[in-house]
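**Q** Sequence:
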Amino acid sequence: MTSDEEYDYVIVGGGTAGSVLAHRLTENPDVQVLVLEAGSDFVPANVDAAPLWYTLLGSTVDWGYQTVPQPGLGGRQVYEPRGKLPGGSSNLYIMMHVRGHPSDFDNWAYQGAAGWSHADLEPYFARLEGPQVVTNAGRHQPNPMSQVFIDACRELGYREVPDFNGPEMIGAGWHHIDVKDGERRGALKSYLEPVLDRPNLTLRTDAYAMNLIFEGTRCVGTRYLQQAPAAPTAEGRRLSGASPAEPGVRQVRSRAETIVCLGTIESPKLLLLSGLGPAEQLRRFRIPVVADLPGVGENFHNHVLTGIIAETAEPVQPGRQNLSESALFALSQPGMIAPDLQLAFVHVPFDIIVGQQHPNAVSILPGVVRPQSRGTIRLASLDPLAAPLIDPNYLGDQADVRRMVEAVKLSRDIFASTAFKGHLTGELLPGTQIRTDAEIEQFVRERADCYHHQAGSCRMGIDNLAVVDPELRARGVQGVRVVDASVMPAVPSGNCHTAVVAIAERAADLIKEARHG
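Quick note on numbering: the UniProt record's numbering labels position 210 of the sequence shown as 210, and the sequence is numbered without any gaps.
Honestly, the hints are just simulated from the structure, not real lab data.
Every residue gets a Cβ at the ideal spot worked out from N, C-alpha and C, and that includes glycine.
Please note that the accuracy of each hint is not assured.
To be verified - Calculated cross-link-like contacts (lysine to aspartate or glutamate; reagent style DMTMM-like; alpha-carbon spacing at most 25 Å): (1) K409 x E122; (2) K180 x E257; (3) K180 x E160; (4) K512 x E27; (5) K512 x E235; (6) K409 x E168; (7) K84 x E446; (8) K409 x D437; (9) K84 x D48; (10) K409 x E27; (11) K84 x D292; (12) K421 x D469; (13) K421 x E406; (14) K409 x D469.
Claimed, not checked - What follows is a set of in silico ranges between Cβ atoms, one per label pair, in the way DEER data are often shown: (15) A49 x R218: 37 to 47 Å; (16) R154 x G335: 21 to 31 Å; (17) S381 x G157: 45 to 55 Å.
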């Protein structure tokens with residue numbers, strides 16, 4: 001093992017949250033920060049092209065995880081994409097800028113995460129719209145079919161909402177998106193790249209974290225495997241400012257804190273490999289117990305969706321932005337205070353095979369965005385490079401099944417509206433042979449898929465199953481924080497990239513406050 005390096009802060013994971021923290025913590029020139037990122041410093045050209053996000057799925061910049069077989073989906077395994085390069089999954093996401101409903105965050109605080117109410121987070125949502133470019137999709141030559149979708153929702157009695165991030169979220173409207181002139185503006189472009197020339201920031205790519213290093217219960221560093229970079233396989237660019245290191249197992253010391261930002265799948269895995277987690281699971285793998293934290297890997301959950309596809313009478317115009325410019329947030333039953341259904345309109349076929357046969361088609365993606373189902377992240381082996389056992393327990397709770405059925409039926413009502421008459425020639429998926437609720441449920445179980453909004457596996461709180469406290473410090477130890485979507489007690493009601501950025505913005509303030517006493 002090589003000799004130690006030493007920094008004030010070691011950020012393990014250069015994804016969305018890690019990029020924000022690198023930007024904010026190095027605002028103080030006296031603070032030395034190292035970012036360890038498993039992905040390469042090579043950014044494929046399609047990362048920057050907003051309409052081409054789907055080409056990155058399954059590519060070299062995608063971890064390409066698979067779940068364990070899902071009983072609620074007939075035993076299917078589900079593909080779970082996650083970004084593998086600086087900027088993380090903000091390089092793969094569909095660029096929808098959705099804060100979430102105020103009650104999402106008030107519920108976090110109500111459950112014991114003091115300081116994380118909507119009022120607490122509102123200044124951070126406003127702050128992030130400085131670095132993060134946000135545009136209204138409806139004002140930048142949107143696809144004409146996106147407007148038809150909004151008109152159809154209005155025909156069904158839904159109000160048109162000017163901004164899902166405003167005072168009213170329930171209804172149909174244009175998405176605000178993290179796109180500028182057709183270019184993706186994720187965490188890499190917005191937060192990390194602009195500061196890579198700071199002398200107090202070191203970005204180390206191709207660096208796989210193996211475990212945290214403890215002296216007693218205090219984390220003093222990180223052990224990682226430095227790999228040689230692979231040759232690029234596509235057009236793109238190399239990041240200016242990444243700092244390579246000699247291949248091999250290395251360790252780095254942190255004078256102040258180690259901040260784990262590996263995401264909802266990898267953060268609990270690293271904690272478990274480091275001796276933080278359920279004692280029984282750690283002993284099974286003969287990992288010395290540093291802190292018995294039974295909540296590590298629990299509460300794992302994700303939004304779930306499927307796709308309804310209809311063929312169009314005329315060729316669909318190619319996308320200029322993110323392929324999904326309008327949406328409907330709705331209630332599965334009257335009397336609820338926040339939406340639990342999100343229906344995104346996509347002006348391409350949802351299913352690749354259907355799309356090959358019917359290229360001129362549009363889709364509605366009905367999804368449950370307040371899922372009841374909860375799953376787990378577990379160690380698969382002691383190999384730090386091996387993926388953990390990923391079990392989101394999709395549709396494990398019957399309430400999620402019922403709401404998915406209602407969302408499919410609502411999607412069909414939208415396509416059957418007068419607004420879409422003349423634009424569509426017929427339903428391709430699920431197909432007119434699927435009519436009864438039982439048949440729709442079977443279709444949902446066969447076709448439900450990951451919504452890419454994994455959350456909750458290291459949740460914050462004050463109870464025995466909380467992994468981090470309300471200041472995101474790992475319980476039972478010193479010198480470790482977790483900052484990413486894994487700390488969410490419950491995923492927000494919508495695309496969650498914006499909430500992850502807000503969490504990281506507030507975490508940066510908490511870290512700065514701790515440094516100054």
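**Q** Confirm or reject each hint.
**A** How the hints compare with the structure:
A distance of roughly 35 Å separates the Cα atoms of K409 and E122; the hinted pair therefore is violated under the 25 Å criterion. For the suggested pair K180 and E257, the alpha carbons sit about 35 Å apart, so the restraint of at most 25 Å is broken. Note on K180 and E160: the hinted pairing holds, with a Cα-Cα distance of about 24 Å set against a maximum of 25 Å. Pair hint K512 plus E27 holds up; C-alpha atoms about 10 Å apart against a cutoff of 25 Å.
A C-alpha spacing of about 39 Å is found between K512 and E235, which places the hinted pair above 25 Å, so the restraint is violated. Among the hinted pairs, K409 with E168 is consistent with the structure: their alpha-carbon atoms are about 24 Å apart, no more than 25 Å. The hinted pair formed by K84 and E446 fails the criterion: a straight-line CA distance of about 28 Å is larger than 25 Å. With a C-alpha separation of about 9 Å, the suggested pairing of K409 with D437 holds against the 25 Å cut-off.
At roughly 15 Å between alpha-carbon atoms, K84 and D48 fall within 25 Å of each other, so this suggested pair holds. Between K409 and E27 the alpha-carbon distance is near 50 Å, which puts this suggested pair outside the 25 Å criterion. Of the pairs offered as hints, the one joining K84 and D292 is violated, with about 30 Å between alpha carbons and a cut-off of 25 Å exceeded. Annotation: proposed proximity of K421 to D469 is violated, straight-line Cα distance about 53 Å (limit 25 Å).
Taking the CA atoms of K421 and E406, the gap is about 22 Å. The hint holds against a cut of 25 Å. Distance hint between K409 and D469 is unfulfilled; the C-alpha atoms sit about 41 Å from each other, more than 25 Å. Range check, A49 to R218: Cβ separation about 45 Å, and the 37 to 47 Å hint holds. Range check, R154 to G335: Cβ separation about 22 Å, and the 21 to 31 Å hint holds.
One distance hint, 45 to 55 Å for the beta-carbon pair S381 and G157, holds here, with the actual separation near 53 Å.
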